[in-house]
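J.: Here are the chains, one letter per residue:
There are 2 protein chains.
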Amino acid sequence: MKLHKDDILSLEKEYRRHFINSISGVKTAFLCGTISAVGQTNLSLVSSVFHVGANPPLLGMVVRPPLAPRHTLSNIMETGEYNLNILPLSHYKQGHQTAARYPKEISEFEAVGLATSFSPHIKAPYVEESSVKLGLHLLRRVDIPENLTVLIIGEIQEVIIPESLVDHEGHIDFEAVSPALVAGLDSYFQATAVNRLPYPKVR
Amino acid sequence: MKLHKDDILSLEKEYRRHFINSISGVKTAFLCGTISAVGQTNLSLVSSVFHVGANPPLLGMVVRPPLAPRHTLSNIMETGEYNLNILPLSHYKQGHQTAARYPKEISEFEAVGLATSFSPHIKAPYVEESSVKLGLHLLRRVDIPENLTVLIIGEIQEVIIPESLVDHEGHIDFEAVSPALVAGLDSYFQATAVNRLPYPKVR
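In order, the protein sequences belong to chains A and B. Numbering-wise, the numbering used here puts 49 at position 49 of the first sequence, and it's gapless, one number per residue. Numbering-wise, the numbering used here puts 131 at position 131 of the second sequence, and it's gapless, one number per residue.
Hints are computed from structural coordinates only; laboratory data are not their basis. One should not assume that every hint holds.
Copies of the same chain look alike in the list, so a pair counts if it fits in one copy or across any two.
Computed cross-link-like contacts, DSS-like style, restricted to lysine-lysine with a CA-CA straight-line distance of at most 30 Å [unchecked claim]:
hint, residue 1, residue 2
1, Lys104, Lys13
2, Lys93, Lys201
3, Lys201, Lys104
4, Lys93, Lys2
5, Lys13, Lys93
6, Lys93, Lys104
7, Lys2, Lys13
On a predicted model such as this, the values are computed, not experimentally measured, just so you know.
When you get a sec, could you build the whole thing from the sequences and use the hints?
T.: Right, dumping it as structure tokens:
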């Protein structure tokens, strides 16, 4: 089928939400840990982490429009920092549950049953159960005026990962990490390795 | 192991490239089709497509700094449009090969052996072999001054997808789509469905 822009806009709202949220494909689910200026911790599911650069090491992520209270965004703006933890497939149900609308005084860590883990370099708590933990400083906030979505660009301050998960060339062993992959709002997948290809050259 | 920012910056260059490119996880590989003002087609591998909004339907993607010639970016700036095609796992080697540095007068479609497919609404050719084809108009270009990377925000103008791949709630059947997933620069994966979870509610 071929849907034009007008067809998409006239889709039933929930159908459009699932369809357009799915269309960016299957990707790794992360949990974003933050802490407010007064010490309230927060944890949220983020499925839109993207690579921005390796030197300096930069990552981007998308956060929803700050129309409703957005604890992750307000904590990042208050403290200038956050962390990203790859959601292990073994805990995908707990990760999904962090997306429920808990009030600000409830920490999603306790509410869903995930353990905190602290580092001296980032105030926000990491997710203990995650094998890939990234601490970031806010570098730049980009507001998208068309729908008030916010892009957060952060600089990686620290990476915490077992040495056994990284090979001598710097590749991460994602079969061993076993991340939860997510498509759209609710569909979870696992990743199976297919192949590693050589650097592509003009033939 | 725990790597701080200074440790990351002092990693050997190729190791850091693989490591930091991998750290954003496994995600769906897309092929970005464009055409220049004088009609030269181009196809490039993009692994950083992200959801920006469902209404209007917006997608973002990252393109490398325009220091070397970047045909995708220059074509998007010339024509204001581009398309994104989910790379089928059956053709991941051809998709990877589009990342070789072909000169501007060579079309990656022919060079790697992928067929073009045209729509009256978007000038750039789609990838015939892809089952999920998205036509976009450039909405906004965001330059990241720290490393000159460019974020392209586009509005979806059309979606071309077999009706059999979308269920009655708008979910896309990604096991049937069978996208190539990629981590870092060279590691390919496939997706296996685990589960679909209900909308998370405070319990």
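J.: My question is about Lys104 and Lys13: at a cut-off of 30 Å on alpha-carbon distance, are they close within one copy, between copies, both, or neither?
T.: within (28 Å within a copy, 42 Å between copies)
J.: Please sort Lys13 with Lys93 into within, between, both or neither, judging by C-alpha distance up to 30 Å.
T.: Within. Shortest intra-copy distance 25 Å satisfies the 30 Å Cα cut-off; inter-copy 37 Å does not.
J.: At 30 Å max between alpha carbons, let me know whether Lys93 reaches Lys201 within a copy, between copies, both or neither.
T.: Between. Shortest inter-copy distance 12 Å satisfies the 30 Å Cα cut-off; intra-copy 42 Å does not.
J.: Reference check for the pair Lys93 and Lys2, CA-CA at most 30 Å: within, between, both, or neither?
T.: between (34 Å within a copy, 27 Å between copies)
J.: Within, between, both or neither: how does the pair Lys2, Lys13 come out at a Cα-Cα threshold of 30 Å?
T.: within (18 Å within a copy, 45 Å between copies)
J.: Between the shortest in-copy and the shortest cross-copy C-alpha distance, which are at most 30 Å for Lys93 and Lys104: within, between, both, or neither?
T.: Only inside one copy: Lys93 and Lys104 sit 21 Å apart there, 47 Å across copies, limit 30 Å.
J.: Between Lys201 and Lys104, at a C-alpha cutoff of 30 Å, which is it: within one copy, between copies, both, or neither?
T.: Between copies only: 15 Å across chains, 52 Å inside a chain, cut-off 30 Å.
Every hint from the earlier list agrees with this structure, and none is contradicted.
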